[in-house]
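Novice: For reference, the chains in residue letters:
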Amino acid sequence: MRLGLSGKFTITVLVILLCTMAANTLYFLGTSTRLHEQQLLERGRALGRLVSLISPEAILGFDFLLLNDYTREVSSQPDVAYGAILTPQGVPISYHVDSADPYIKKRARQGASVEITELIKKREGVEDLIRLEYPITHNNVLLGHFLVGISRESLQSQLQRQVVIQAVVMSAIVLFLSAAIYGAFRFNVLFPIRRLISASREVGRGRYTAVEVKTADELGQLAQAFNAMAQEVKEEQAKLHRQANFDSLTGLPNRMMAFDRINLEINRARRSGRRFAVLFIDLDNFKSVNDTLGHAVGDELLVAIGARLQVSMREADTVARLGGDEFLILVPDVGNEVEVEKIAERLLHSVSEPRELNGRKVVIHCSVGIAIYPDNGDSVEILMANADNAMYQAKAAQEGSAIFFTEEMNIRLRERMQMEQDLNVAIELGQLALHFQPIVDTAGPRHRGAEALLRWHRSEKGLVSPADFIPLAEATGQIVGIGDWVLKQACRCWRAWHDAGLNPGFVAINVSRIQFRKRFSRRLAELMTAYRIPAHALEFEITESVLLDDHHQVAEELAALRALGVKLALDDFGTGYSSLSYLKRFRFDVLKIDRSFVAGLPGNPDDVSLVKAILAMAKGLDLRVLAEGVEHHSQLDFLTAQGCDFAQGYLVAKPMNEDSYRGYLKERQAKGDAGSLSFIHRPGGNLRTSRQ
Amino acid sequence: MKILRLLYLIAATAALAPLAHATDDATDDALVLGVFPRRNAAETTRMFTPMAEHLSAQLGRPVRLVTSRDFESFWRGVTARRYDIVHYNQYHYIRSAQSYQVIAHIEESGKSTISGAVYVRKDSGITELAQLRGRMVLFGGGEDAMISYIANVYLMLQAGLKKDDFKSAFALNPPNCVLALHFRQADAAGAGDGVLDLPVVKNSIRTDELTTLAISPPLLQLPIAVKRDMPAKLRASIQSILVNLKSSEAGQKALKEAALTGIGKAEDKDYDPHRKIVRAVMGPGDVARR
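Chain order of the listed sequences is A and B. For the first sequence, the working numbering gives the first residue as 1, with consecutive numbering after it. For the second sequence, the working numbering gives the first residue as 1001, with consecutive numbering after it.
Derived from the structure by calculation, the hints contain no laboratory data. Cβ coordinates follow ideal geometry from the N, Cα and C atoms, glycine included. Treat each hint with caution, since some may be false.
No farther apart than 30 Å at their CA atoms in a straight line, the calculated lysine-lysine pairs in the DSBU-like style are these [unchecked claim]: (1) B:K1162 <-> B:K1227; (2) B:K1122 <-> B:K1202; (3) B:K1276 <-> B:K1162; (4) B:K1256 <-> B:K1246; (5) A:K122 <-> B:K1256; (6) A:K395 <-> A:K361; (7) A:K122 <-> B:K1202; (8) A:K584 <-> A:K361; (9) A:K105 <-> B:K1202; (10) B:K1111 <-> A:K121; (11) A:K121 <-> B:K1122; (12) B:K1233 <-> B:K1202; (13) A:K122 <-> A:K105; (14) A:K666 <-> A:K488; (15) B:K1111 <-> B:K1256; (16) A:K287 <-> A:K122; (17) A:K106 <-> B:K1122; (18) B:K1265 <-> B:K1167.
So these bits of chain B aren't anywhere near chain A, every CB distance computed over 10 Å [what the hints assert, rightly or not]: (19) D1029; (20) E1072; (21) A1080; (22) Y1154; (23) P1175; (24) R1184; (25) A1186; (26) D1229; (27) A1232.
Taking beta-carbon pairs under 10 Å as the criterion, some of the chain B residues facing chain A (in silico) [as the list claims (entries may be wrong)]: (28) L1065; (29) V1066; (30) W1075; (31) G1077; (32) S1124; (33) T1127; (34) Q1131; (35) G1134; (36) C1177; (37) L1179; (38) A1180; (39) H1182; (40) F1183.
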């Protein structure tokens, strides 16, 4: 049984009271006993003195009857067991015993015929007796002795009576005091504590009720402290609730709140049979805003867009920020897709309105994915995933667009997931392979090297385009392992060709931005050492997207590559931001003109102008230029005429596997590398003359 | 006015007349009953008050009980003839016989006579009176105690002892002298022959430890006398009332309260044996005869 506070307190009080009362009783009884014993002694002394004073005359007058009267009278006094007058020789001449004395009565009941003197002696042997003796004298002549025996029997019985009375009185007092103290405790302590317990439970349930403060004592202070604490908890809870459910930057509901709202809406829609829409919004190229204008401006933009989205929507709609540059809008009670489409258009328009940020005019677009309940899912997870999927499709299709989710998207998503799983085991299954596409001098045409191109022979599905799986590998992080494999294979091949007495030139390897973040240079150094690869044998092609990342880290990594002595090429120049500041800030050896610009040469004036400009700029910056996708002589002629340094494309040779490329190198070496560029090398070792 | 004053005087005289008569009754008619202090005054008064009341009732006149705190004052009352009726011992009567005439004697324990007895402890080794020579004899009363002292001394004188041959000591009364003997405060005790049967003695000591060494011839019990000049009719009435106490309930009560079993007629010659003993012990001067 658990003992409550009141029970413990009551027991404690009872014990204390009982101890106190018992001690008090013992003290009282002790004092009372001493007092009574003293009284007995006084009485005995008084009797003794009196009898010894009045007896001489009777003794001298042989008045034994009078002496008998004295002893009889003495023995009849309370608490006197006997009185006796003895001669100086100790012969009793008058004696009386108290027949009511318990000992004497007992002897009498037993029928014991004992001499009275013997009886007195025996009585004196009993512990409770006080024996007093007084001399009887006359003119300083000893006439005898007076003996008086005082019994403590009545004292003891009185003591017993007092113990009983004390016990009864004490019990009554203890009970009364205990009840009174318990009452006071219950009223002054227990009730406030119970109020606090009740209030604490309410706080535990999330209901904040202030406890009434009635007194200024410790309990009152405790109640005040509790109220203050409850208020703090309440505020903290509200703060936590806000932090947990609202985005601290924009003040919009966050992902968790958005999920809750969608859940609520699902329940409501399930009951009402109505539909609602979930719009997943992702800002296009928001990262470049952060990188170019700074994170503060990026945040400012997010706040402005959040506010704008809210303004664009109805009161009943929920606008939430899911994180980063992702927003979500929940639109309840939608009629049909047309209505939702209008809303999406309004959003797109609203977001893409130019705005002034940090003194600069900024235009940003967003991609919107739309999922409708219940058509595109009946749970939060499914709706969110489908809207997200749709958003990615929108972004992939055309930035600044909105797309409704379709089942095809799901199929594509599943395919993407399957591809991701297959890619995980591609290396182990030997499905990846490196192909090499030669690079030559435009003027020479001398062989310079080859670009390593990754190929994936996916079982049952055949060859997969790098354009399909490289973005996926980058998105999933698998590119790190794949890139490492590529680097290692390239090194191994170069070493094998070189050991075979061939002159492979350099191998140009594409490096992903993801690899760049993983201390790529360190791994390269290990492999260069392992395969004894000279620095001139390697060239690394980096896209502008790598340079968009943390400038400091990129600069460090590029410097480390430079320190290894390898060459660096800026890939796909002209397709992205093509910021000239990159060329100024980071030192490259080669610029690669994207095939899309080469394709229109020499007929397309725009491409001509652009290529000319790139070449002029490269010349000015002392950079070598490589043109990709050179397929026709006219293109090569133009590029040669304009001073382009290197060419790569089908006109030179198509990408080939390791063995074919080995054959290509042998063949080139056999014919002499200075030979004219008069053929197209086809994979499989078949050479086809294209230009004599 | 004179008539009124006369009437007032007559009325006042008439009112005070009965009071004056009553006062005369109280002083002139009351008989004084004197009882000697054989016991203490309070006890004596308690014991003889019923007898005085009975006498008063029977005589139709007040009987006032008087006692004394000691024998000396009582004897002064006797010699001063303050008592109309007097109860005392035989020696007292013998000495006051010229003023008082015996009319009755008491009976105690159904006996009209009493003997003097000399007691010793059985373990004392004393078997005859002659062995008391040089020893201390304690008597129950003073030298005027007829039975305890005079009769017992008479016995010792008869045994050939003289008064100086033994040391005499006196206890307050006969019970005390045998108690003292029992407690070895004396070698012998002189008292009446029935003293050992008294409850006050039997309850105090083991009387079987004592023995009677000598006993005198029986002598008539204590006398009750009246003034010799008392009218014969009144004397006869008193004697009749006392002797017939047993015949009435009130009389029996009076006897019982006085610790008596009866009262018998007595005349002066009944105390001649006493006179002989007194004469032998106290000398001829202490004997008076009318």
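Novice: Next step is simple, just say for each hint if it's right about the structure.
Specialist: A quick look at each hint next to the structure:
no.	hint	result
1	B:K1162 <-> B:K1227	violated, 37 Å
2	B:K1122 <-> B:K1202	holds, 16 Å
3	B:K1276 <-> B:K1162	holds, 17 Å
4	B:K1256 <-> B:K1246	holds, 10 Å
5	A:K122 <-> B:K1256	violated, 41 Å
6	A:K395 <-> A:K361	holds, 23 Å
7	A:K122 <-> B:K1202	holds, 24 Å
8	A:K584 <-> A:K361	holds, 25 Å
9	A:K105 <-> B:K1202	holds, 22 Å
10	B:K1111 <-> A:K121	violated, 42 Å
11	A:K121 <-> B:K1122	holds, 26 Å
12	B:K1233 <-> B:K1202	violated, 44 Å
13	A:K122 <-> A:K105	holds, 13 Å
14	A:K666 <-> A:K488	holds, 23 Å
15	B:K1111 <-> B:K1256	holds, 15 Å
16	A:K287 <-> A:K122	violated, 121 Å
17	A:K106 <-> B:K1122	violated, 33 Å
18	B:K1265 <-> B:K1167	violated, 38 Å
19	D1029	holds, 38 Å
20	E1072	holds, 15 Å
21	A1080	holds, 27 Å
22	Y1154	holds, 22 Å
23	P1175	violated, 6 Å
24	R1184	violated, 7 Å
25	A1186	violated, 8 Å
26	D1229	holds, 38 Å
27	A1232	holds, 42 Å
28	L1065	violated, 23 Å
29	V1066	violated, 24 Å
30	W1075	violated, 19 Å
31	G1077	violated, 23 Å
32	S1124	violated, 15 Å
33	T1127	violated, 24 Å
34	Q1131	violated, 21 Å
35	G1134	violated, 20 Å
36	C1177	holds, 7 Å
37	L1179	holds, 4 Å
38	A1180	holds, 4 Å
39	H1182	holds, 9 Å
40	F1183	holds, 4 Å
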